[in-house]
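Participant: Note that the protein sequences, when read in sequence, are chains A and B.
The numbering of the first sequence is the working numbering, which starts it at 1 and goes up by one.
The numbering of the second sequence is the working numbering, which starts it at 1 and goes up by one.
Calculated from the structure, these hints are not laboratory results.
Nothing here was measured: the structure is a model prediction, and the numbers come from that model.
Misleading hints may appear alongside valid ones.
[What the hints assert, rightly or not] Anything over 12 Å on all C-beta distances counts as not near chain B; from chain A, calculated:
1. 36
2. 69
3. 72
4. 89
[As the list claims (entries may be wrong)] Here's a subset of chain A near chain B, in silico, CB distances under 7 Å, partners left out:
5. 44
6. 48
7. 50
8. 52
9. 53
10. 86
[Unchecked claim] Anything over 12 Å on all C-beta distances counts as not near chain A; from chain B, calculated:
11. 30
12. 51
13. 70
14. 75
15. 77
16. 85
Where a beta carbon is used, it is the ideal one built from N, C-alpha and C, also for glycine.
The lines below spell out each chain.
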Amino acid sequence: MRTYENIMIVHPDKVGDEYNAIVEKFKGVLSDLNANLLKVDEWGARKLAYPVKKQGRGSYVLTVFEGEPTIIDEFERRLRLDESIIKFQTVQLEKGFVEDDSAAAAEEGQGAEEEE
Amino acid sequence: MAERSTSGAPAKRSVRRRFSRRKGCRFCADSTLKIDYKEVRNLRYFVTERGKIVPRRISGNCAEHQRKIREAIKRARNIALLPFTAGHSLD
């Protein structure tokens with residue numbers, strides 16, 4: 001079981017419940033592929049460093065999960081199919097994810113400040 | 001041939017003059033901050049205004065940390081946290 005970290009940029013027009021629907025959809029996809037979700041972190045709308053699909057802004061969603069290497073192809077295929085995801089990137093975390101969790105939990109205040 | 005070398009040199013020299021030679025690797029010795037492609041604030045120290053990666057001889061990093069920095073910067077660029085070049089940032 002490997003730990004992966006996926007970050008995706010959702011189209012800025014998708015807000016409110018549409019945006020939540022997308023996030024829930026991909027959480028569902030991950031649980032269908034029996035990966036266990038460790039962390040889902042939404043950074044909200046942010047300015048992009050360069051225009052992506054003619055958009056200057058996008059909302060970032062970070063998901064950290066553990067699963068078989070085979071699920072990545074399927075997950076990324078779904079991401080490509082969905083037009084509202086304008087960009088995504090999956091990274092394997094060699095060292096486990098746990099220490100981030102405890103660090104984040106330990107200094108929640110510092111974590112929150114980091115997020116902004 | 002001649003003018004290319006001269007036009008090349010001042011640009012490079014201007015970058016070097018702005019950066020002071022930092023002694024020792026920031027990550028080996030003092031700080032416990034982790035190199036991560038999501039931590040854009042830390043990566044900004046290693047990127048020039050034009051968005052280029054600062055060479056090791058100027059940033060003073062050791063080889064291992066410079067490789068981590070380079071990888072993190074390239075990943076951050078891939079998901080639009082860092083620009084590829086200063087030119088295209090509309091905002």
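Participant: State for each hint whether it applies.
Facilitator: The hints, checked one at a time:
Look at residue 36 of chain A: its CB is around 21 Å from the nearest CB on chain B, clear of 12 Å, so calling it non-interface holds up. A cut-off of 12 Å between C-beta atoms confirms that residue 69 of chain A is not in contact with chain B; the least separation is 19 Å. Residue-level check passed: residue 72 of chain A sits 16 Å from the nearest beta carbon of chain B, beyond 12 Å. Its beta-carbon lying about 5 Å from the closest one in chain B, residue 89 of chain A breaks the requirement of being farther than 12 Å from that chain.
Checking residue 44 of chain A against chain B: minimum C-beta separation of about 14 Å lies over 7 Å; hint violated. With a least beta-carbon distance of about 4 Å to chain B, the hint placing residue 48 of chain A at the interface is held under the 7 Å criterion. Here the hint on residue 50 of chain A is kept, as its CB sits about 5 Å from the closest CB of chain B, short of 7 Å. The beta carbon of residue 52 of chain A is positioned within 7 Å of a beta carbon in chain B (closest approach about 6 Å), and the interface hint is therefore held.
The interface hint given for residue 53 of chain A is violated, since its Cβ lies 11 Å from the closest Cβ of chain B, which is over the 7 Å cut-off. Nearest Cβ of chain B to the Cβ of residue 86 of chain A: about 9 Å, over the 7 Å cut. The hint is violated. The claim that residue 30 of chain B is not at the interface with chain A holds, since no C-beta of that chain comes within 12 Å of its own (minimum 18 Å). The Cβ of residue 51 of chain B does not lie farther than 12 Å from every Cβ of chain A; its closest approach is about 8 Å, which violates its non-interface assignment.
Distance check on residue 70 of chain B: its Cβ is at least 15 Å (rounded) from any Cβ of chain A, clearing the 12 Å threshold; non-interface status holds. For residue 75 of chain B, the requirement that its beta carbon stay farther than 12 Å from each beta carbon of chain A is not met, with the minimum near 7 Å. Chain A draws residue 77 of chain B into its interface by the beta-carbon criterion, the shortest separation being 7 Å against a cut-off of 12 Å. Against chain A, the non-interface label of residue 85 of chain B is violated: not every CB pair exceeds 12 Å, the least being about 8 Å.
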